[in-house]
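Build the complex from these two chains, which are given one at a time in their own frames, with help from the hints.
Those protein sequence lines, which keep their order, are chains G and L. Quick note: the first sequence, position 113, residue 113 per my numbering, numbers continuous. Quick note: the second sequence, position 291, residue 291 per my numbering, numbers continuous.
Just so you know, these hints were derived from the structure itself, not from any lab. Each statement offered as a hint is correct.
Straight line, CA to CA, 35 Å or less: simulated DSBU-like cross-link-like pairs of lysine-lysine:
#  : chain 1 : residue 1 : chain 2 : residue 2
1  : G       : K227      : L       : K541
2  : L       : K449      : G       : K446
3  : G       : K227      : G       : K138
4  : G       : K437      : L       : K594
5  : L       : K449      : G       : K437
6  : G       : K535      : G       : K355
7  : G       : K446      : L       : K594
8  : G       : K346      : L       : K540
9  : G       : K346      : L       : K541
10 : G       : K385      : G       : K97
11 : L       : K540      : G       : K99
12 : G       : K365      : G       : K97
13 : L       : K661      : L       : K468
14 : G       : K437      : L       : K218
15 : L       : K202      : G       : K437
16 : L       : K541      : G       : K218
17 : G       : K99       : L       : K541
Covered, in the sense of this in silico footprint (three residues per stretch, anywhere, with C-beta under 8 Å from a C-beta of chain L), are these stretches of chain G:
#  : region
18 : 269-276
19 : 323-337
20 : 432-441
21 : 454-467
22 : 471-485
23 : 494-508
Ideal Cβ placement from N, Cα and C applies to all residues, glycine included.
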Amino acid sequence: MTILRFHQLPSSLSIAFSSRHERSFSGSSELVALTPRRNQCWRYSPLKSSNGSPLAGASWKDDGKEMPVPKGPDIGSQLTENTVSITVVGASGDLAKKKIFPALFALYYEDYLPQHFTVFGYARSKLTDDELRDTISKTLTCRVDKRENCSDKMEQFLQRCFYHSGQYGSEVDFCELDNKLKEKEEGKTANRLFYLSIPPNIFVDVVRGASRSASSLKGWTRFIVEKPFGRDSESSSELTRCLKMYLTEEQIFRIDHYLGKELVENLSVLRFANLVFEPLWSRNYIRNVQLIFSEDFGTEGRGGYFDHYGIIRDIMQNHLLQILALFAMETPVSLDAEDIRNEKVKVLRSMRVLKLDDVVVGQYKGHTKGGKSFPAYTDDPTVPKGSLTPTFAAAALFIDNARWDGVPFLMKAGKALHRRGAEIRVQFRHVPGNLYKRKFGTDLDKATNELVIRVQPNEAIYLKINNKVPGLSMRLDSSNLNLLYSERYPREIPDAYERLLLDAIEGERRLFIRSDELDAAWAIFSPLLRELEEKKVVPELYPYGSRGPVGAHYLAAKYNVRWGDLSDSS
Amino acid sequence: MFLYMSDPLVRVRYAACLFLLDPSLSLSWPPRIEIEIRPPRNLLQSPSLRPRSKTQTNTRLFSERERRKKLMAVSFPKCPSSPLPPLQTRNRAWSSPLCAPIQVGDSSKWALFETTKRCHLSVSATNGGSAVAPVEPSKKIQDSGTKTTPTDHSTKVENGVPQTVFSSNEFQDLKTGPNDSGRESTVSITVVGASGDLAKKKIFPALFALYYEGFLPKHFTIFGYARSKMTDAELREMVSRTLNCRIDQRENCDAKMEEFLKRCFYHSGQYDSEAHFVELDKKLKQHEGSRISNRLYYLSIPPNIFLDVVKCTSLAASSENGWTRVIVEKPFGRDAESSAALTRGLKQYLHEDQIFRIDHYLGKELVENLSVLRFSNLVFEPLWSRQYIRNVQIIFSEDFGTEGRGGYFDSYGIIRDIMQNHLLQIVALFAMETPTSLEAEDIRNEKVKVLRSMKTLEIDDVIIGQYKSHTRGGVVYPGYTDDKTVPNDSLTPTFAAAALFINNARWDGVPFLMKAGKALHTKRAEIRVQFRHVPGNLYKKCFGTDLDRATNELVIRVQPDEAIYLKINNKIPGLGMRLDRSNLNLHYAARYSKEIPCAYERLLLDAIEGERRLFIRSDELDAAWALFTPLLKELEEKRIAPELYPYGSRGPVGAHYLAAKYNVRWGDLGAEH
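Looking at chain L on its own, in the form it has when it is part of the complex (with noise of 0.2 Å):
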């Protein structure tokens, strides 16, 4: 039997592969298998994965420790004669598949190698029935993997458990291996910006987790671009400042961050002259070498400068023979029409698959999660429609206001800054038909058609608030209009709450609400499902007369203490017949030890390998503008005042009659959560 090992669209980095035979399945031992590995389809198109001839492989075995928890390495056997056939004399580009047969001598195994590119893996079992469950490779396996030297296998322990590593120099050709330099690819991250607030809090840090974990490229750049005069040592000094090492593995923290920082470059220059950025293209290529370069381009930017940065990047520091992407972050325009003139401005010069719009939301754990919760449990997608759903609530909410830099949220406005984007791109992550496949363009183009499906929003279902000083326990709290750079009349929303309906035959009449503010009562971002009342609830008159508390209720906390759970009623242990509400719960920092990665590691390294799933397309952008653009023009055309609520209170009452006229009561703000 064969199995297909990699699926294209997931980044297999380093692919190991761990195969669990099961003993209850009648494999005959020792069953012969055979692994078998192809070049990916775009591989052709990319010289630097030019084999190596030399073939060798390492076998060893697990520890005594492994093998008492039935876990048994499989390994490439210390064949004499090559078990794999020398790529090279064969095929210069990789085109044909590699076999290597392997000796199974015990029931439970695991055979793991390792490569930087995708390729296609299968396995097959020729003596035997069924049997092999390859899993994708664990973290720690990944880890020491990245730490064993090429030509030698080692056995590291960590936390404890020892693992075998084997490293085949097969795929060594697949890594970016610097004895390899003259066809070697390398990438050049530059943050354009890289003074500001987000590149030091967010990129960099995120940059460096990625190369503590070793997901980078061997061989990489990094160069921060900016208008302030800076030397390399200047921005190391402060990029430094804001690093910081994964709780769970200290180790070597410093010797990392040295080696990191030694990979970071500062260039001077103005956002709009090319002659500047001809000289960073100049700094760059010294720095690739003859390497094949990638570059990725990260605009930390005011987006009046983005068309700016984007035409001088293109025009006089693009890749010559890898590629180039650049990455842009919201706002995305401020309506329809100048969201439109930019993607068009940057179609200029740039291909859509070169643009990459981040939505950072997009990276964060549970809302990668919704699909997996949606599409590979059985018990939630029976539910997930008008049929069993009554409600669908996305709420986003800060404990604080802008704090003295409300200069660009004043000409945003809370809709534009969250609403339109973040909660939008959930609602519809969430509500999206089962695409064909997991690629990117299958999954954006469900969510084109639910955005497409979607309610334009009127004035009447959205509730727009705006926070007044407050004074508790002696402190005061200012006002939005307090900031100092903020205007003192202005009527822009730092609080809005809506109700969207998606107009298709999963969702018709199903209210989303969405609500989205600043400084109030608590900081966090939730997707809360509530279902519907039982039809002819037997234990109705164990319920009272308030109903809707006895629905049940599917709550997703994106943050803080990510957690997953489910509201049941359920009988109070005790002689009487009393029901209540109680979780099955699911909290992730019970579950799951490992610190959760920030979503810019994810965006980023997703960035640098092309994957486009968690990325928004010109079409996803303009159809989600397209159901806001009305309304924030009538907004402000008619100047319409938004309601006043205390700093720190739960956000103006507005919200709960908007909640009311579609018969839902918001979630986060009923005696229990």
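Next up, chain G with everything else stripped away, as it sits in the complex (with noise of 0.2 Å):
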């Protein structure tokens, strides 16, 4: 049947295949250089039998302590042999429909899922099968760069498609799915992954019935769990204590999927893989750092979960945090995860923890703009009337270490706010006896370098550097070193889940987040929240579609910081 199905492979996935090959190896650090010599080489190599190859790298990474995986000289055998069964606990939810439904179907299109695999849906509605994969069928698209085939997978894929319906709480349920999936892996060396997409509070009740009930017996059993891991530090450590009865760490992967974008993904490369990035990155050159996120919208009468944490355990507390940590920290030994996790938690340890003087938080109220009115958070008919969550929040936070020392980190995330987007910033010291100091006139601070990694939309990295304007007179201006993702490929950018359940998948750990990471997190904001919590502190109110509360600024003020977003040529 493989080879059968070489047959059908529209050429350019041979493209995609060897990148998968190459990736497959990066665990093993045997990462080589791709070349399209190596693409055949790979085409006809013993490896070709298993459309899995990345099932090999996973086996032999996880070998080690948890699981009793046959190992050594039948690893080619075995190859032909494994299977892995993803559970969806939580299928009918909108998060399984929006993104993980789809993002596995990507992941089969583009051949990188092994070539038995089975995907069931468990939740408590009572569905067949087909009713789950027409509710799927809806979701998934096709790449839109190769639209060949893609009713055929998409076909193809559905099949492999299942549904179990029972409780969250009940091991006897799972215990059903558990022979549910014997059945479809047919005897096959056994890897199961469980991705939870289920309120927080049942994780244990879920965990604990498919770690007794439907564990794999020959393969790893892994388990995906997703924010909010916790409300504040002892939340969070009572739910990793209480997952570590029935699972060991290896087992959980604590996804954050900003760590899968693409850019912030990049964000190691620059530094890492550039010379010229690397001696500008500390104290000594950097002035500020500015991570914000911004969504144009507000809750739009989904804020039941929200009004329960708000934007700084929703946003800054895991996604910013994190890339500050992967923007911050020293340069890790070798790229393994364990490596670059270390240096996460050194970075975030660290940080001095944050006090409500740094920190301003806002709601957003109703505004009505040409005619058309938007609601106020409290408006909301789901969140409570005198809800002081914040919708916004803006913190300037330090790192107590030789590199970053004075360095303000600013990080600013809202709703329904002018506009979308996610970007670092980094914004450099003044040129010390600036020649061109008249040039600028007083505001020096228009006239610093500015490096911009833009997350989303439209994927990007440029750098600000002052020019001559062309011309007989001497005048200076702003002008942007560039690279916008989408000239310079033009191919689509894998959405974050996809690249996140494969690394699942193959057991790759770098882009999860380890309990001690999540507990330095935490630490960093717990006091913070309970002061806020306790003194109810109120938010400061902004217009719906503005840019946010005044309080901002001034805050950054406090630090001498300007925001880069809000200036006249972000």
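See below:
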């Protein structure tokens, strides 16, 4: 069948294959440069027989502690018999429908999934397999750039999707699931991945049920959990403790989907694969760093979950802090997951605990613009009337280590702002003894260099430099050295979930959060969150669709910073 | 607080100034802004600048549209009592400051006014804290400024943006207005060798462009001088064929051209005849009238008659009451001795500050920008040393040969023609230490220091080549020696590559590779900075074995298609971890819609204004020759035969060996540029 499929492959797919191939070795540090020639090599290599070469990498990595995976000389034969079963727990939920199933299909479409795999939906609602397939098929799309065979592929994919209905807390139901899984796995070495797309309060129930009754006997069993990981240090460590009653640390994959974003992944490449940035990457040259996240819509009737957490827990403490850690960490010993995460933990632990003075919170209020009125946060029927939950927050963080002492890291996250975007801005210091000072006037801040990494939308990297305006006079202006992804890389950028699911299947933990990371992250934010709640700090109101509360400017001004995204020439 | 607007270095022709007050700054409104104008240091020497008594200011707010852009005019208020003290009564020589209080009504604003001379301008906001950002005047303002009549203010619409121009009569005094003809100054530009190619193709068009853009003084005269007999009309006819207007401003082109041609005259004479120059002087005086006359001579003639012409002009046709300057262009001798002899000869008749040695490469936009890049950006200077830079390549190539004009070239060769001057100047600018200021002397001091730190070139570090004929696609391209104007056994190099070293703390051990050649496969001039490998590169395995391909590179493309780009390693989007080299780009054509002025325009203007930054001082020239002279002598004495390379090829293989000797790969010949 493998051979047949190779014949069916459009030639463009071979590229995808080869990159897959390359990746499969990344775990074992055998990355080699890709050349067309290697492409060829790979196609006729013994690995060909396994469409699931990724599995090879995964099982080599995983064997150590957790699972008695057969290893050694029979790896070759084992490859053909591997299968992976992906169970999406909470299959009827929004995330599952919008992100997880499409990501799985994309992986399948691009042939990143093993040859034999099973996708199971698990939820309380009664559905038949066909009903599930029907729900899923509505959200599946093929990549823009490769439409060939799309419906065939989709058909094939859907045939591997099944549904099992059961209670989240019932071990019996998971036993049934286990039976069904075994049936589909056909006696192959079974690896099982559970994606918990469910509310956090039933995490532990499901983990208990699944790990006791539906663990793989011969292969690995992994659990992907997504935020929120608790509400503060205590609840987070409680959650970790409970998970660890049933799982080992290696089985837990805590997803932070921002880490799967293309430009966040590229951050390390930029820093460590280029000579020109690393010398500048310290307090000597960097004046401040800004991490900005904004959405141009509010809770829109889904404020129930959000109101309980607020923007700080929802965005800052995880996504933005993770980016910050990647940005600021020291050079890791290697690109291995543990080395990178060690460095991230070090940075997080060097950070000053956030104080109330260094934080501004806001909440959007109703606003009428162009005859259209936008609702306030508290107008949302799912939000309590007197809610003080912040929908906007800005914070100044500091890393007390040799590299970053005194450099403010400003974070800003908000809903219902004037635009949507996520970016990292690095503002460099003034040029000491600038010969061209007089050309800039008094506002020297406008004349500093700035590196902008735009994570979304329109992925781009640009460096603002001062340049002479062509002409006979000596006028300077700020121009950009640009790299627009859409121009340079015409291929569609994969969704973060694709990357993360694939990494979980492969056992590549670089982009997942370790417990001690999580603890360190909560330690920075917990005191502040408690204080906000105890003191009932009232958020500053800002109109829906505005640039956020003024307080954010004062906060920035306190540390001599101007928000880069709000200047004219951003 | 006080701000000094005009840096003495910078030419402020139409010193429009523009203040941008940032609304985020806490100024209490309306602040009181005071503008103070002080005469430049050298103004006392110039009797032309007698101030006029009448003081009048005009106020005009910007249009609504402009205001919507949060820019509003600040202006000199129309005060019944004159806001600026009458100049004449205070001080004829205009040595004391002028003050004008300004009321500012809105949060963002600008004020602008014009003058043709440099002056110190300070602005103070007396009521409130921080504040004012003077910005160099935009070109548009300057243009509309020139079109505005002195006593009137007007709103001009240019490119759809209404501009209001303020002109106040005080500043007219600084202009060379016609109504003050007694003591006004004028400039006479004499192009010696007017019938030559350079004059026709470059100098006259550059002068016209300056005139078109309003950079020339109000009154000016252009004289062509050559041996051929011609009438004024014939000269105009000849000149008019090469004039063209800037693409972006075609208005009034014909009218302007007509006016310009009317100011062009011709005088025929021998280059070594003082009598003929006396005649020229008479003609010049006639046009200059009683104005203060400044004279600029552009010697567009073969170097062997430089001295004759200089002697005649300085003895017979110097200005009596203004300055006289002489622009000379390469070649400045053939080696250290002849160059020194030429300098000595020129100095018999001229002072150093009258001699303007042009190197038109220094007038190129991106070469000028080199200093801006280095010194006004934080991100480059830390990298600008042996610690991070692996090598620097300066590449010049032409895709045509001598094409029947080998006579001059054959006696000089590519090293003297391109390397010793243009490329070496770029190296000096690139590698110099930070100057104390942007003053011409400070910059040139630093350049001399770099040149003097350089290791004298040895023959082992040089490769020379000569193109041979080549047939491609049925077309036969001639070899260099096939050129009728070139001796058949000529050994003159048409290609050269050299490795230079600067023995100072910053650059020790970093090879500076130069390459210049004719009849190559492309036409280009660029500076390439190859950075070192990333020490302990975590992503080493993603690059394969050829780590040289994975280093960062900064490319400054001087011509064609001006651009700056930085090659960085980037992750190819997708699920794998593949890296590639992407560019952080700045394409001038995409970023700046304006046409980039020709190098000669800039240099001519600088010479008229006495700005010497882009001209070569004698000691610079000596240092430059000192580097190349021993090599040149050796090449000639040993009669070293150049390596032949086919017309239109990538040059001789020797250049690769030379680069390889220093572990360098030419950046322009890689698979990707």
